[in-house]
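Q: If you read the protein sequences in the order shown, they are chains A and B. Numbered per my numbering, the first sequence finishes at 687, counting up by one with no gaps. Numbered per my numbering, the second sequence finishes at 271, counting up by one with no gaps.
Keep in mind that the hints were calculated from the coordinates and are not lab data. For clarity, every value in this text was computed on a predicted model and none was experimentally measured. Where a beta carbon is used, it is the ideal one built from N, C-alpha and C, also for glycine. Each hint should be verified, as a subset may be incorrect.
[Unchecked claim] DSSO-like cross-link-like pairs, simulated, lysine-lysine; straight-line CA separation at most 30 Å:
1. B:Lys103 x A:Lys478
2. A:Lys581 x B:Lys103
3. B:Lys103 x A:Lys534
[What the hints assert, rightly or not] Computed list of chain B residues with no C-beta within reach of chain A, every gap over 12 Å:
4. Val56
5. Arg67
6. Gly71
7. Pro148
8. Leu161
9. Pro204
10. Ile245
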Amino acid sequence: MLQAIDLVKRYGSVLALDGFSLSVAAGEIVGLVGHNGAGKTTFVEIVSYLIRQDSGHVTIDGRPPSASKGQVGVAPQHIALYPSITVREHLVLFGKLAGLRRTALDSAIEDLTVALRLGAFIDRKTAGLSGGQQRRVQAATALIHRPGLLLLDEPTAGADLETREAMLDVVKQRAGDGAAIVYTTHYLPELVELQATIAVARNGKIIARGTYDELVEGLPGEVCLIHDNEEEVRVSTTQPAATLIDLLSRAERPISTIEVHNPSLDDLYRSLAVSDAS
Amino acid sequence: MLLDTGYRAGPIAALRESVYRIGALAGHNTTIRLRDPGQMISYLVMPMVLMLVLKPLYVRAVEGGTTKVVTGLLVMFSVFAISIAGNAILAERTWKTWDRLRVSRAPAAELLLGKTLPIYLVMIVQQAILLGYGCLVIGLPIPGNIPLVLMSILIWAFTLLAIGALLAAIVRSHGELSVISDVGALTLSSLGGALVPLSLMPDWAQVAAHVSPGYWALEMLQAAVAGDTAGTLLPAAILLGIALISGAFAIRRLTRGWGRGGLL
Numbered sequence: 410m411l412q413a414i415d416l417v418k419r420y421g422s423v424l425a426l427d428g429f430s431l432s433v434a435a436g437e438i439v440g441l442v443g444h445n446g447a448g449k450t451t452f453v454e455i456v457s458y459l460i461r462q463d464s465g466h467v468t469i470d471g472r473p474p475s476a477s478k479g480q481v482g483v484a485p486q487h488i489a490l491y492p493s494i495t496v497r498e499h500l501v502l503f504g505k506l507a508g509l510r511r512t513a514l515d516s517a518i519e520d521l522t523v524a525l526r527l528g529a530f531i532d533r534k535t536a537g538l539s540g541g542q543q544r545r546v547q548a549a550t551a552l553i554h555r556p557g558l559l560l561l562d563e564p565t566a567g568a569d570l571e572t573r574e575a576m577l578d579v580v581k582q583r584a585g586d587g588a589a590i591v592y593t594t595h596y597l598p599e600l601v602e603l604q605a606t607i608a609v610a611r612n613g614k615i616i617a618r619g620t621y622d623e624l625v626e627g628l629p630g631e632v633c634l635i636h637d638n639e640e641e642v643r644v645s646t647t648q649p650a651a652t653l654i655d656l657l658s659r660a661e662r663p664i665s666t667i668e669v670h671n672p673s674l675d676d677l678y679r680s681l682a683v684s685d686a687s
Numbered sequence: 008m009l010l011d012t013g014y015r016a017g018p019i020a021a022l023r024e025s026v027y028r029i030g031a032l033a034g035h036n037t038t039i040r041l042r043d044p045g046q047m048i049s050y051l052v053m054p055m056v057l058m059l060v061l062k063p064l065y066v067r068a069v070e071g072g073t074t075k076v077v078t079g080l081l082v083m084f085s086v087f088a089i090s091i092a093g094n095a096i097l098a099e100r101t102w103k104t105w106d107r108l109r110v111s112r113a114p115a116a117e118l119l120l121g122k123t124l125p126i127y128l129v130m131i132v133q134q135a136i137l138l139g140y141g142c143l144v145i146g147l148p149i150p151g152n153i154p155l156v157l158m159s160i161l162i163w164a165f166t167l168l169a170i171g172a173l174l175a176a177i178v179r180s181h182g183e184l185s186v187i188s189d190v191g192a193l194t195l196s197s198l199g200g201a202l203v204p205l206s207l208m209p210d211w212a213q214v215a216a217h218v219s220p221g222y223w224a225l226e227m228l229q230a231a232v233a234g235d236t237a238g239t240l241l242p243a244a245i246l247l248g249i250a251l252i253s254g255a256f257a258i259r260r261l262t263r264g265w266g267r268g269g270l271l
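Bound conformation, chain A alone (with noise of 0.2 Å):
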């Protein structure tokens, strides 16, 4: 459905994408991760066609950006909406300019309304919404004519539990109707969550592609043990549930807490980060 290759973008001496590539198929959801200023915006931008690539090339369904405004649904990274327009209207306006008539754009606000729990705000201005509810308006207006890509650029962000929650049933359930999904995240349980494939961006590139499974093996969590005279016993490992039998069988001292860390994007950054430069 996707298909970006060797996109270089550069913003003066900012060399913000330098060989991006990157493929979704239909129906697939691949979770884009990377420190801020990995090039997961700009990349967004460009397949969205706010942006122009200095060099490389994307299409979207065999054909290039320009020719599929439309068949993309993107919600940016920054909150974007109208705070005088109530969430409803904000619906309509994105569903008529994807072309919805009546009894389909009704339909899809149904749906949207359901699937994003919009229905106690519908018809509220969004200037006087919470951060979460905004977060959800902005996905429905991305999602309002189910688009075949889907770009959602930091969709949690900030979000509540309940936000969260709808966000990922909605991205699953879209998924499996069989779009495209680049979903850009800091929460790496919200990949797991989604059965996401990862892909990993780094300086402009992506470095690493594939399921978190495959990603974290072999990198090491912690485990932690403090006593109950606050003395603490901290263990890296890449068997954390062995390990912690073990430190248990010879604790000599009542155990006040128990802490296991499993691998977190940190721990995937940093040792993508030494194999790349290796």
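Starting from the structure of chain A, add chain B where the hints point.
A: Only chain B this time, still in chain A's reference frame:
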């Protein structure tokens, strides 16, 4: 299944789709305008009050004082309305919504039409109401050639809209827009003879007036109200030229987005 949006190929179907989207955008922007009518009310009420207060002064000072006070204040406060156009476009940048529209199926020309049509209508209505008020309350003679007056209003509103769009495309904040539109409007409209009749201004100002769009607007409107077709056409052509140049620049800038720079 993904939704069939009803999009069909073919020129007639494409035109119908285009009109549908422009209608959606214009309706949306009209709603935004109506929910924040403060500026529109100000620029309607203030000239009405000033016409009443200044009319005796104008009548005593110059021949045709009634026409001059009505058209002068109409031009001055319609120039102030540039900020309505500028703010409406610049707000899309503040809200970061312009790029969301650019991602949609609507091409840039439709976005601009949908955005500016309601503002254009506001400007036309403002000028029509002020002229009507001038006739009914201030004593302006009812123009003999209404189509000529209507054409003048349409051209002047188009010029103001294009200048407003240009300003919105180049300023970096609402503060900058406010400074440029308020100071610029006052300077250009005063220089053009909108506040003080040109014949009472110093010689250098009478010469400098020709660079002000306000001067040409006054010339055009006063000629139109007097039913002077020949006297209306030259200033109308000059204003159209200003509008087309400003509009072309604004369209070029707005279709590419604002990028990531700037103060907003």
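Q: Compare the structure with each hint and give your call.
A: Structure-based check of all given hints:
1. Using a Cα cut-off of 30 Å, the hinted pair Lys103 of chain B and Lys478 of chain A holds, with the two alpha carbons roughly 19 Å apart.
2. For the proposed pair Lys581 of chain A and Lys103 of chain B, the alpha carbon gap of about 28 Å is at most 30 Å, so the pair holds.
3. For the hint linking Lys103 of chain B to Lys534 of chain A, the alpha-carbon distance of about 17 Å falls within 30 Å, and the restraint holds.
4. Every beta carbon of chain A lies more than 12 Å from that of Val56 of chain B, the smallest distance being close to 28 Å; the non-interface claim holds.
5. Arg67 of chain B, annotated as away from the interface, keeps every beta carbon of chain A farther than 12 Å; the closest lies near 46 Å.
6. Remark: the non-interface label on Gly71 of chain B is consistent with the geometry, its nearest Cβ contact in chain A lying 43 Å away (cut-off 12 Å).
7. Non-interface status of Pro148 of chain B relative to chain A is upheld: no Cβ of that chain comes within 12 Å, the nearest being about 41 Å off.
8. With a least CB separation of 28 Å from chain A, Leu161 of chain B remains clear of the 12 Å interface cut-off, as annotated.
9. With 12 Å as the threshold on Cβ separation, the claim that Pro204 of chain B sits away from chain A holds: the shortest Cβ distance comes to roughly 41 Å.
10. A cut-off of 12 Å between C-beta atoms confirms that Ile245 of chain B is not in contact with chain A; the least separation is 37 Å.
In this structure, every one of the numbered hints holds.
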